[in-house]
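Q: Each chain, letter by letter, is given below.
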Amino acid sequence: MRTHTLRYHVQAAAALLAAAAVLLPVFLIDVPWPAAARDYLEHYGVGDSGAINLVSAVYLGFRFFDTLGETLVLIAAVCGTIGMLTRAGAILPEGFDASGMAHGFTGEGEAPDTPTFTIPVEKPKSHTLRTHLLEVVTGVLGPVVLVFGFYVMLYGHYSPGGGFQGGAVIASGIVFLALGKREEVTSMLTQAPVLYRIESASYLLLVLMTVSGLFAGSGFLGNPFARLFDESAAFIMVLDICIGMIVGTGIGFICIAMVGRKVS
Amino acid sequence: MSLIILAIGIFGLITADNLIKKIMCLSVIENTIILNFISSGYITGAAAPILTAKDIATVDPVPQALMLTAIVIGVCFNSLAIACIVKLHEKTSTVLVSELHEF
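Protein sequence lines correspond, in order, to chains A and B.
Residues in the first sequence are numbered consecutively from 73, following this note's numbering.
Residues in the second sequence are numbered consecutively from -8, following this note's numbering.
One should not assume that every hint holds.
To spell it out: a stretch of chain A is covered by chain B in this simulated footprint if at least three of its residues, at any positions, have a beta carbon under 8 Å from a beta carbon of chain B; those stretches are [as the list claims (entries may be wrong)]:
hint, region
1, 84 to 96
2, 105 to 116
3, 135 to 146
Just the calculated beta-carbon pair ranges, DEER-fashion [stated by the list, open to error]:
hint, chain 1, residue 1, chain 2, residue 2, range
4, B, I29, A, F137, 15 to 25 Å
5, B, V88, A, L280, 38 to 48 Å
6, B, L91, A, D111, 48 to 58 Å
7, A, R159, B, L91, 17 to 27 Å
8, A, F137, B, D8, 40 to 50 Å
Now the stretches of chain B that chain A is said to cover, found in silico as 3 or more residues with beta-carbon under 8 Å [to be verified]:
hint, region
9, -1 to 13
10, 55 to 62
11, 66 to 75
Keep in mind that the hints were calculated from the coordinates and are not lab data.
For clarity, every value in this text was computed on a predicted model and none was experimentally measured.
The beta carbon of each residue, even a glycine, is placed where N, CA and C say it ideally should be.
In isolation and in its complexed conformation, chain A is listed as follows (with noise of 0.2 Å):
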């Protein structure tokens, strides 16, 4: 660490003073949150969109438009991390760089002796940090916080939990299983085009479901299966399902890419 200089102390200070000029209002405002919304949802919210959780509710009921535009951007940044990382030179995992994406979504030919993610395990020197009781540990609880993600995912519109948090407990689960794996123990949910794939049929899923109201009759953005049953939380179910698996593989892909990046 350089000593800085005291010109460079003032300087810090004055930009600290600024930003509490700016952002103090802000944070000291005495306005109570607007009530109006929170009277809506309370008395009408679970009767429209059938979810018990609010918080579920408004994101996949009313604003669900916005939900839509966020996973987009989950993926967008998931493309980019993978582009920057692969053109900067580092070394991904097999079948997480840009070229093995590639050959996958041709779906021709023979896959290249399935691209998994493993790290040697005769060469413990270069992973101090991978011992023995990491790939115990994780490779057993793996699975069980899977099951816990898929649970957290499933009950989204009855408990707390939803599409979101399920898919960052799914997406550790994923972690999990890619770092307790050993050489003769795979699991398909650590390889890149399993996860990519699943990836992408979610969205298409989504972007489905989000359409499908106009061919059942009630408009874009609008419930299909108000028709069929009245259980209407069935819609919010099935996006939660969507946008679980979006957001699970992909930090799990971001997660993984990162995790055996070797710098060469």
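Dock chain B against chain A, hints included.
A: Then chain B, alone, in the frame of chain A:
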């Protein structure tokens, strides 16, 4: 409370020399904003906004739903920023701002 953390984050953002520390400080600021929003909708003693029974006081679900979005975007932002730093390190082989001025 969130003000103090915000001050720490902004101070770190200004004074940190390492780009990765700057990203960490940005995350701290982001979390401050999330904390501020959640606490603005919070009502002491109220239940989570899950209407299992009628006539119970619940906290405001609107800021919670807003911040759910912010958290996911924060993850995207962090991963992209770190990828940018990796790219920068490959070009200049440094992540220190003071050394980046020389390029």
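Q: What are the numbers of the hints that this structure violates, sorted from low to high?
A: The structure conflicts with no hint, since it agrees with every one listed earlier.
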